[in-house]
Amino acid sequence: AQSVTQLGSHVSVSEGALVLLRCNYSSSVPPYLFWYVQYPNQGLQLLLKYTTGATLVKGINGFEAEFKKSETSFHLTKPSAHMSDAAEYFCAVSGGSYIPTFGRGTSLIVHP
Amino acid sequence: NAGVMQNPRHLVRRRGQEARLRCSPMKGHSHVYWYRQLPEEGLKFMVYLQKENIIDESGMPKERFSAEFPKEGPSILRIQQVVRGDSAAYFCASSPPSEGDDEQFFGPGTRLTVL
Chain A
1 AQSVTQLGSH
11 VSVSEGALVL
21 LRCNYSSSVP
31 PYLFWYVQYP
41 NQGLQLLLKY
51 TTGATLVKGI
61 NGFEAEFKKS
71 ETSFHLTKPS
81 AHMSDAAEYF
91 CAVSGGSYIP
101 TFGRGTSLIV
111 HP
Chain B
1 NAGVMQNPRH
11 LVRRRGQEAR
21 LRCSPMKGHS
31 HVYWYRQLPE
41 EGLKFMVYLQ
51 KENIIDESGM
61 PKERFSAEFP
71 KEGPSILRIQ
81 QVVRGDSAAY
91 FCASSPPSEG
101 DDEQFFGPGT
111 RLTVL
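Protein sequences appear in the order of chains A and B. For the record, in the first sequence the residue sitting at position 88 is 88 according to the working numbering, with numbers rising by one throughout. For the record, in the second sequence the residue sitting at position 51 is 51 according to the working numbering, with numbers rising by one throughout.
Since the hints were made in silico from the structure, they are not lab data. One thing to keep in mind: the hints can contain errors.
[As the list claims (entries may be wrong)] Below, computed lysine-lysine pairings styled on DSS-like, alpha-carbon distance capped at 27 angstroms:
1) K51(B) x K71(B)
2) K69(A) x K44(B)
3) K27(B) x K71(B)
4) K68(A) x K44(B)
5) K27(B) x K62(B)
6) K69(A) x K49(A)
7) K62(B) x K51(B)
8) K27(B) x K49(A)
9) K62(B) x K44(B)
10) K49(A) x K71(B)
11) K58(A) x K68(A)
12) K68(A) x K49(A)
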């Protein structure tokens with residue numbers, strides 16, 4: 001069984017500020033973890049993924065995430081927010097199955 | 001390499017009509033997944049198909065919904081006798097054949113509105 005919890009349905013930051021989107025997961029097997037971004041009226045696009053190996057994963061658009069097994073977390077960060085980062089972000093976990101489980105999403109709002 | 005294609009992008013149906021949503025996976029991908037997204041909610045898995053086979057339909061409603069992925073042509077998600085509660089965005093994703101968990105590539109979605 002697997003599940004994902006994204007803390008905070010909305011996160012608001014100022015342009016240039018740190019972005020931190022939280023994701024905690026549960027999985028009965030070693031997890032594969034993903035972050036996707038969804039812009040309005042579009043499909044999901046992969047930002048980054050963790051499978052095995054290095055626990056700090058770098059993705060597109062300056063985002064990165066760190067897999068912390070002891071905390072069962074996979075938080076997404078970006079040092080400096082840009083207006084174009086405003087979107088919906090989804091964390092997902094899969095493991096032992098080809099079907100990922102998605103979180104409910106976090107809407108990132110960036111203020112000028 | 002064209003991405004995952006879905007059509008139509010927007011579909012309006014009256015209650016009781018049928019809705020057919022099409023998905024063409026990326027070239028070389030033989031796995032197709034359908035998801036439903038309701039406002040303020042995440043993606044809910046519906047069904048996982050490979051060519052001519054339904055692998056997992058645990059997320060499909062028991063009635064009115066069906067899916068297929070024929071040997072030739074796109075995958076079809078069919079909703080019979082639509083009701084207002086079926087209004088949602090329906091996303092298709094595809095992935096290549098592999099031994100392990102892989103990234104899914106998503107289409108732009110079909111937004112179904114039931115009047």
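Task: Given pair status - K71(B), K27(B), alpha carbons within 27 angstroms - done: Holds - the C-alpha atoms of K71(B) and K27(B) are around 14 angstroms apart, at most 27 angstroms.
TODO: Given the hint that K69(A) pairs with K44(B), test it: the Cα-Cα distance must not exceed 27 angstroms.
DONE: The hint holds at about 25 angstroms.
Task: Pair hint K62(B) and K51(B), alpha-carbon separation not exceeding 27 angstroms - done: 22 angstroms, holds
TODO: Would you mind confirming whether the straight-line C-alpha gap from K51(B) to K71(B) stays at or under 27 angstroms?
DONE: 6 angstroms, holds
Task: Pair hint K27(B) and K62(B), alpha-carbon separation not exceeding 27 angstroms - done: Violated - the C-alpha atoms of K62(B) and K27(B) are around 31 angstroms apart, more than 27 angstroms.
- [ ] With a cut-off of 27 angstroms on the C-alpha distance, tell me whether K68(A) and K44(B) pass.
- [x] OK: K68(A) and K44(B) at ~26 angstroms, within 27 angstroms.
Open item on the list: Can you confirm whether the C-alpha distance between K62(B) and K44(B) stays at or below 27 angstroms?
Closed with: Cα-Cα ~15 angstroms, so holds.
Open item on the list: What's the verdict on K49(A) and K71(B), does the C-alpha distance respect the 27 angstroms limit or exceed it?
Closed with: 31 angstroms, violated
TODO: Assess, step by step, whether the Cα of K68(A) is no farther than 27 angstroms from the Cα of K49(A), and give holds or violated.
DONE: 14 angstroms, holds
Open item on the list: For K58(A) and K68(A), compute the direct alpha-carbon distance and say whether it is at most 27 angstroms.
Closed with: Roughly 15 angstroms between the alpha carbons, so the hint for K58(A) and K68(A) holds.
Open item on the list: Can you confirm whether the C-alpha distance between K27(B) and K49(A) stays at or below 27 angstroms?
Closed with: 22 angstroms, holds
TODO: Would you mind confirming whether the straight-line C-alpha gap from K69(A) to K49(A) stays at or under 27 angstroms?
DONE: Holds. K69(A) to K49(A) sits at ~15 angstroms (cutoff 27 angstroms).
Hint compliance for this structure: hints 5, 10 are not met, and every other hint is.
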